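Protein chains in written order, with our numbering: chain V, 1 to 238; chain W, 1 to 238.
Because the hints were derived from the structure by calculation, they are not lab data. Remember, it's a predicted structure, so these values are computed and weren't measured experimentally. Keep in mind that a hint or two might mislead.
Pulled from the structure, derived: some chain W residues nowhere near chain V, Cβ distances all over 12 Å [stated by the list, open to error]: (1) Ser15; (2) Ile65; (3) His67; (4) Lys214; (5) Thr217; (6) Asp220; (7) Val229.
Covered stretches of chain V (chain W as the covering partner; in silico rule of three or more C-beta atoms under 8 Å from a C-beta of chain W) [said to hold, decoys possible]: (8) 61 to 68; (9) 91 to 105; (10) 191 to 201; (11) 221 to 230.
Backbone N, C-alpha and C define an ideal beta-carbon position, used for all residues, glycine too.
Number of protein chains: 2
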Amino acid sequence: LTASLEKWLVGSDLSVTVANIDPGVESPPYTSDVDIREYVDYGEVMNTFGLGPNGALVASLDMAIGHIDDLREEIIETERDYVIVDCPGQMELFAYRNSGPLMVSGLRGDDPAMSLYLLDSNIAKTATGYLSSMLLGVSINIRFGLPQQSLLSKSDILTEEERDEIVQWGEEIHLLEDALDQSAEGLSREYSKAILEMLGNLDTAAGAIPVSAKDMTGFDILYGELQRVFSGGDNLYE
Amino acid sequence: LTASLEKWLVGSDLSVTVANIDPGVESPPYTSDVDIREYVDYGEVMNTFGLGPNGALVASLDMAIGHIDDLREEIIETERDYVIVDCPGQMELFAYRNSGPLMVSGLRGDDPAMSLYLLDSNIAKTATGYLSSMLLGVSINIRFGLPQQSLLSKSDILTEEERDEIVQWGEEIHLLEDALDQSAEGLSREYSKAILEMLGNLDTAAGAIPVSAKDMTGFDILYGELQRVFSGGDNLYE
């Protein structure tokens with residue numbers, strides 16, 4: 001998604017810096033202007049300390065914390081309109097450890113920032129999958145403390161009907177309730193009611209914008225949302 | 001935790017089967033009676049298909065789905081009182097893909113089962129960390145569709161005061177609310193209120209039992225909870 005979003009923004013005459021902060025990524029589908037791998041060598045960390053892939057990622061991220069100022073300096077020097085920061089996908093190693101949120105807040109400084117949370121279309125196409133993905137999104141939102149927008153990624157694998165249905169689940173909570181009631185997985189009514197009420201009360205979790213890196217769709221709507229948040233000063237935190 | 005829980009159960013004159021379903025684990029701290037690695041070879045999958053660690057885990061789990069019946073057969077043949085199934089920790093690869101829930105429901109069959117969700121003491125000791133961990137737990141609960149108990153793992157790293165405070169957050173939601181209000185991270189009042197209301201309405205998310213594999217503490221309380229769920233037929237799903 002990073003590569004396509006960059007392409008879309010540049011195509012709209014905006015300047016963009018792409019920063020990679022995943023030490024373990026092998027060949028990302030974009031050229032990063034700023035890269036954590038210039039500061040920590042994941043392979044070397046693995047070998048030197050005899051760590052497995054997970055341990056090496058954690059250690060690399062911990063080591064990278066000492067270079068946040070350098071990374072931020074590099075980003076500022078590029079003087080671009082937007083910065084896309086590509087984060088490691090291993091949630092339990094990035095979002096749920098201290099180094100991930102520290103990294104994000106350090107890179108951000110006092111600049112406006114927004115977190116993009118990707119729902120996998122394969123999971124989100126069932127009502128219970130959608131519900132659990134949205135809850136995970138709320139949890140990650142709390143960890144990072146940034147305004148957050150959910151994106152329905154790889155939406156090209158869905159039919160138009162499926163895509164529309166998922167978007168509507170975010171807009172009208174009673175449609176999601178109906179879908180849950182009909183689902184074969186049979187979540188108890190009490191349980192889903194409590195969760196639906198919460199999602200209804202959280203404006204930030206309002207819904208997912210379908211995007212497709214393959215078809216280059218959805219970026220105009222996402223950009224509108226970015227504009228709204230950055231100019232409106234919309235913020236989850238007081 | 002698997003090793004300690006097994007030890008505790010055996011020490012209480014119960015017979016236990018330990019099953020490992022993480023294809024990528026290198027040297028687990030227990031001897032598994034049933035092991036997914038006898039059916040799929042993670043290293044070979046990695047080499048044969050030229051996959052990275054994450055891709056190989058996903059492919060191995062997908063391949064293992066074809067052997068669920070064999071695994072279940074093996075487990076049944078051991079004829080033990082309890083079965084502990086150790087799952088891969090990579091949530092986004094296990095819980096949020098189809099193979100994870102399929103694996104769990106296939107192994108379980110129609111037998112009573114309960115999911116143990118581990119909160120990391122390092123994260124859960126702050127109010128916002130606790131809140132996001134509990135939300136993640138609710139999300140995982142939906143994915144697996146089993147009655148679930150949260151455990152506060154590695155609780156030996158906490159002081160007695162910290163441990164008591166976390167337990168109380170689960171019992172009296174207003175104490176968690178107070179802690180959130182005072183936290184430096186400053187989650188907005190509206191936001192935390194909506195989430196707290198939901199947690200208060202979900203009996204299953206009631207609280208975390210502190211356990212320590214190192215000190216062998218908390219297992220008696222956990223065992224009481226297992227008994228209650230298995231005999232009472234307590235079930236999240238209708």
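Structure-based check of all given hints:
no.: 1; hint: Ser15; in the structure: 32 Å, holds
no.: 2; hint: Ile65; in the structure: 15 Å, holds
no.: 3; hint: His67; in the structure: 22 Å, holds
no.: 4; hint: Lys214; in the structure: 19 Å, holds
no.: 5; hint: Thr217; in the structure: 23 Å, holds
no.: 6; hint: Asp220; in the structure: 28 Å, holds
no.: 7; hint: Val229; in the structure: 15 Å, holds
no.: 8; hint: 61 to 68; in the structure: violated (count 0)
no.: 9; hint: 91 to 105; in the structure: holds (count 5)
no.: 10; hint: 191 to 201; in the structure: holds (count 7)
no.: 11; hint: 221 to 230; in the structure: violated (count 0)
Consistency with the previously given hints fails for numbers 8, 11, ordered from lowest to highest.
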